[in-house]
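Novice: Sequence:
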Amino acid sequence: QVQLVESGGGSVQAGGFLKLSCTASGRISRRNLMGWYRQAPGKSREFVASITSDGIMQYADSVKDRFGISRDVNKNWIYLHMNKTKPEDTAVYYCNAKGAFGNDYWGQGAQVTVSS
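For the sequence shown, our numbering begins at 15 and goes up steadily by one.
In short, the hints are calculated from the structure, not lab data.
Just so you know, even glycine gets a beta-carbon here, dropped at the ideal spot from N, CA and C.
Treat the hints loosely; a few may be bogus.
Dumping the calculated BS3-like pairs for lysine-lysine here, alpha-carbon to alpha-carbon at most 30 angstroms [unchecked claim]:
| no. | residue 1 | residue 2 |
| --- | --- | --- |
| 1 | Lys98 | Lys78 |
| 2 | Lys112 | Lys57 |
| 3 | Lys98 | Lys33 |
| 4 | Lys57 | Lys98 |
| 5 | Lys78 | Lys100 |
| 6 | Lys100 | Lys57 |
| 7 | Lys33 | Lys57 |
| 8 | Lys78 | Lys57 |
| 9 | Lys89 | Lys33 |
| 10 | Lys112 | Lys100 |
| 11 | Lys33 | Lys78 |
| 12 | Lys112 | Lys89 |
| 13 | Lys33 | Lys100 |
| 14 | Lys98 | Lys112 |
DEER-style ranges, computed between Cβ atoms [unchecked claim]:
| no. | residue 1 | residue 2 | range |
| --- | --- | --- | --- |
| 15 | Arg41 | Gln122 | 16 to 26 angstroms |
| 16 | Arg59 | Trp91 | 19 to 29 angstroms |
| 17 | Arg41 | Lys98 | 28 to 38 angstroms |
| 18 | Glu102 | Lys33 | 15 to 25 angstroms |
| 19 | Phe31 | Ala114 | 32 to 42 angstroms |
| 20 | Ile70 | Phe31 | 22 to 32 angstroms |
| 21 | Ser43 | Ser130 | 35 to 45 angstroms |
Work out the full structure: start from the sequences and follow the hints.
Specialist: Take a look at the structure:
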């Protein structure tokens, strides 16, 4: 089993900065792909960013050049640095880890609210 716990959510004004953290424990190794997804009210969960153990990053077009993902492979932590936030970034943000067979592990979610 893998346990993921997010922290750092909250409220911020548009244009501001927010940092999310996720700690992973259990049957997880540095080889697991990890990332962030989000779900806004009335919408499906969508990909935000991911990072491999080698530091290869991918971003959704909607957050590219504004958000940054980083990872501490020794501690199994990942972070999401949210810069130049917009009201449309308002959502519940979920930490994700990919299992060895492609299965998904999820955190409980962290609410992020961006006010205009």
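Novice: Output the indices of the hints that this structure fails to meet, ascending.
Specialist: No hint contradicted; all consistent.
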